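If you read the protein sequences in the order shown, they are chains A, B, C and D.
Read in order, the letters of the first sequence correspond to residues 42 to 384 in the working numbering.
Read in order, the letters of the second sequence correspond to residues 42 to 384 in the working numbering.
Read in order, the letters of the third sequence correspond to residues 42 to 384 in the working numbering.
Read in order, the letters of the fourth sequence correspond to residues 42 to 384 in the working numbering.
Keep in mind that the hints were calculated from the coordinates and are not lab data.
Be aware that one or more of the hints could be misleading.
Part of the chain C face toward chain B, derived, beta carbon under 8 Å [said to hold, decoys possible]:
| # | residue |
| --- | --- |
| 1 | 266 |
| 2 | 270 |
| 3 | 338 |
| 4 | 339 |
Since this is a predicted model, take the numbers as computed values, not measurements.
All C-beta atoms in this analysis are idealised placements derived from N, C-alpha and C, irrespective of residue type, glycine included.
There are 4 protein chains.
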Amino acid sequence: MIKVGIIGGTGYTGVELLRLLAVHPQAELKVITSRAEAGSKIADLFPNLRGFVELAFSEPDPKLLAGCDVVFSATPNGVAMTHARKLLEAGVRLIDIAADFRLSDPKLWEKWYRMPHACPDLLSEAVYGLPEINRKRIRGARLIANPGCYPTAIQLGFLPLLEQGLIDPGQLIADAKSGVSGAGRKAEVHTLFAEVSDNFKAYAVGGHRHWPEICQELECVSGRPVGLTFVPHLTPMVRGIHATLYCRLTDRGADVQAVFEERYRAEPFVDVLAAGSHPDTRSVRASNVCRIAVHRPQGGDTVVVLSVIDNLVKGAAGQAVQNMNIAFGLEETAGLNAPAVLP
Amino acid sequence: MIKVGIIGGTGYTGVELLRLLAVHPQAELKVITSRAEAGSKIADLFPNLRGFVELAFSEPDPKLLAGCDVVFSATPNGVAMTHARKLLEAGVRLIDIAADFRLSDPKLWEKWYRMPHACPDLLSEAVYGLPEINRKRIRGARLIANPGCYPTAIQLGFLPLLEQGLIDPGQLIADAKSGVSGAGRKAEVHTLFAEVSDNFKAYAVGGHRHWPEICQELECVSGRPVGLTFVPHLTPMVRGIHATLYCRLTDRGADVQAVFEERYRAEPFVDVLAAGSHPDTRSVRASNVCRIAVHRPQGGDTVVVLSVIDNLVKGAAGQAVQNMNIAFGLEETAGLNAPAVLP
Amino acid sequence: MIKVGIIGGTGYTGVELLRLLAVHPQAELKVITSRAEAGSKIADLFPNLRGFVELAFSEPDPKLLAGCDVVFSATPNGVAMTHARKLLEAGVRLIDIAADFRLSDPKLWEKWYRMPHACPDLLSEAVYGLPEINRKRIRGARLIANPGCYPTAIQLGFLPLLEQGLIDPGQLIADAKSGVSGAGRKAEVHTLFAEVSDNFKAYAVGGHRHWPEICQELECVSGRPVGLTFVPHLTPMVRGIHATLYCRLTDRGADVQAVFEERYRAEPFVDVLAAGSHPDTRSVRASNVCRIAVHRPQGGDTVVVLSVIDNLVKGAAGQAVQNMNIAFGLEETAGLNAPAVLP
Amino acid sequence: MIKVGIIGGTGYTGVELLRLLAVHPQAELKVITSRAEAGSKIADLFPNLRGFVELAFSEPDPKLLAGCDVVFSATPNGVAMTHARKLLEAGVRLIDIAADFRLSDPKLWEKWYRMPHACPDLLSEAVYGLPEINRKRIRGARLIANPGCYPTAIQLGFLPLLEQGLIDPGQLIADAKSGVSGAGRKAEVHTLFAEVSDNFKAYAVGGHRHWPEICQELECVSGRPVGLTFVPHLTPMVRGIHATLYCRLTDRGADVQAVFEERYRAEPFVDVLAAGSHPDTRSVRASNVCRIAVHRPQGGDTVVVLSVIDNLVKGAAGQAVQNMNIAFGLEETAGLNAPAVLP
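Here chain A stands alone, though its shape is the one from the complex (with noise of 0.2 Å):
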């Protein structure tokens, strides 16, 4: 049994990453840490988790994380960072659900995130989590960056035509919809029930985190600069993302649903559905999936790409098992395997 510590875990992240390690076959939590709730039993704040979880949040504690094998960061931004160094040093390895290690450019992180980087030399061997583009490397990682929400599905719905070199990387535009659970367990107005219910709004039209996050790794897979314009929406519900991805094809003559297809056959969690589908959000809640649709309408040379995960668990906790899966050798899908809960 892999002995896994986790640090924050008083978000929805925390309790999906609870909950998915709750029946894991082969992963046995050792010790949740929380400042705030040190002392008070998981079930009595998650009570999904009563019969599953005896653990109560205990103050961080060097010595208890650093007796685990993983340890999973699911802390706000900037807290994963202060303690990877002794964690690595350790031999734990390291899987920050938060953006300390998705930019490797310190400058770019400390501009997007307003605060200096604590270690800026760890950013190298940092591992960025998605295991559709970095299974290999991910494969014995210390280091993990798990991708952000929106990136996660955004990624996966340009991949195939970006590296095919099928469309123009300069006029990339990503509408996302996001369900609130987005914004995290944090007392705010702008999140409130009575704020987003029966409301639609685009937010963060001028500049969103996950947009450097977005073109860093469209780059590399590019090998071009990529002109991307994203704009994020919350839409009223709890979990899932609804990435509509638009881009313009130079090669008009390529068969997109074949591109598609032939790239994610082999991916357990990458679903392309038929040609002509619309994937709605539902059918991926509470699983790792992410499924996929590809048009042409009117045959035109626009490309509209569907992409729905759930960003709860593709998106943050689900994705950040499958790399503590691969980075193991386990079975990538141990964990994971239930299907969607509809409706």
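Chain A is already provided as a structure; the job is to place chains B, C and D on it using the hints.
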């Protein structure tokens, strides 16, 4: 592996049953019938099952069903009774998730369901499948009447008090609130999103079909006539039932918290919360658990019991699987031990 | 034109009051105060008011408030009482939408609201602003305590039966369900969208602040001690309260439908539905109406009353405007006669 | 008073039209027809109208309709065209809220709406009722084609840029999200609450009926062929459309904010927000306003326009009333000047 057939299965109970059976360690789906969808792949109708269920719906075929060990009927009321005799004669166990075998008095059934009963002689054999009361009779039973969703939540809430004779059975009130999936997957105006969302209402105050079912079973438990006022409400959520129960304590010295804890200590799917708690429906979403809290406001002689279930799981498909497990001597929790999905 | 001031006004009651006053034919908004938002334009906080309200929030300034004819206090509990004496001395009428003047016994107030009362001597002057009971006393009143949202829905439902002495006042049950806006526009975890959506729960079963308010007023009506069990619930909708009331008829021959119809025939904002009806909360959304239906299930001696209001209108801002209209001798329905918004 | 008739009126557009007309100072509802509901009181179907509308639905009677000054057709597509000629001959103005007169080319209409057109000769007379473009032609018009909901939001967003020739009309993208009431009040599975709630999906990516309508009108404005990719989505809310529009600036020096502000300065129902804003759909709920914000992310040459309306008001019934007001020379805002309902 137990060979499983499903009659019906295009509704919400059906898809939930499929979701649970798809990962059940000892069940194998052999056949699922639907006249309307015969020939369609199940996963085309319910894309959450892509990769889990390869079967297509087929025309109802007595021979195929007769080759199963157990058949679930997930149809509208009045269908299971037309299949029952043949299935039993073929040595197949039948678990009816609809209402055909719930009322032991065929006259009463015909009054509330407005059709003649096709096999009234089988009613006496049918076991009412609430394991917390009838576990022993369910073992080995050939014909199981799976309880209704409201009746499950309400009976589990009144049960300990009635068994101990602590309350007046003549003055029971059950104010119950259901998610909209309880109304099924039928095209009807009153369950459209734009009718139900941001809205709340009572319905069937004059008389709901679950009323005689609840009364029948509570009278068995109590041994005395029951006076029950039952008001169901529709609440804008997909899954979940919250029953708020009111009754009058006849023994003012009773320790009602202890009575509940003791009654359900050994039950795998009933969870009594600490005194002063308020269970929420999401704490059981997609799980087979019933969570219960009990209160005596102002220390008076009115007892308030709060009982929550997922109407599609403990209120339908999950309890049906639990009944299958018991009937076949499997581990009672087999296929039912994933934590609830929260948020 | 009546010169209107508002203390507070950054919450949901505030924005609703502004929406109503913006088109009130005889009211003119002169000042609205908020320490936190002083200097901000109202329409920047609440963009639905763009083009309707040009004012900005200002620091609380006794002189400006003293120049008004009426001041509404739309603040948290405990604020209005600190302004009351000065306003009354300046000849300004005060309508407190919070709870400061609702309980006539200062001891009781201090017990439930956990702070000393700033002006207990004014409690006897304050008129409880439920027009259906106190219309005459509201005319010309200087100090009006606007009722709570639950108390409004519940009192209007019990009123006709208690006035006529038809039910046992010692056995009243009020099972009430509220939309989330009733919890206010405060940054709190438990009212986040991702906590409340697709979820249902009871709260404060042990004791809610509206309980003594309801008891006090029902005892006035009944002339006898009242035994009330009150269970509030949170339902995933923005607006609306649905109160389901249970009581025991002492006069079995009573025609309860006629009693309700007669009692409310002349009331502009109480609408008694036909026998057998089920009012839904959306039928009063954004309107000042209370709709009521009354049932006797199975013709027994339990009466079930269904009473719905919009918690922000008849349960708060709308009733406050109604009280202003009455106090100043205006048409009672002025500014309040738009139909509910459905769907 | 203008005598008003309504054909149809049992759907959401109908009830919204009734809500607006009920308090319109210069309109008087004379007749409302519905074959299915003939004889039923309107207020029985839509209880929000109790006390406001006393009429009952009647069988379609040409004589009664001929006695009106204006008739609104709030029916499915294909009905208004069967009434048009007789009404016009009787001197009645017709405002069709459905699509019968929106496309000027009958061949195109027949292709997209899959039925022959009953009066193609009237198409040239019909005025497309978007007042912000066609106000002069609407004055005195006999036959008005009320625009679709998506087309209204999308055209108002592209209009200023196309009129000024600032963008490439060949590369327009409209990613639009609609509340579920846009699908109408028909009994269908795909708009059930349990299908749509907590879910998000695109639909009709291959081709939606509003696409040719938008293209036709934008080509009029632009004077050049338009290349439009239009992707509609269903979002779990009752009312509201949010259109997110993407286009490429050809004049990089343009001050797009100023262009929008100037274009709509005198428009009573188009509100341009300050630079950097994000309108939310609830800010126009139940009101006839379109709110717009314009962005240039990273200062690049992609312009992002955010445009929100209430699909039932500015996208249907409200715009129809606005058209009536203009056609009859009334104050354009008559009956349409209540603030949006928020929250």
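Here is how each hint holds up against the structure:
1. Nearest Cβ of chain B to the Cβ of residue 266(C): about 13 Å, over the 8 Å cut. The hint is violated.
2. Taking 8 Å as the C-beta contact cut-off toward chain B, the hint placing residue 270(C) at the interface holds, the least distance being around 5 Å.
3. Hint status for residue 338(C) relative to chain B: holds, with the closest Cβ pair at about 6 Å, below 8 Å.
4. Hint on residue 339(C) holds. Least Cβ distance to chain B is approximately 7 Å, under the 8 Å limit.
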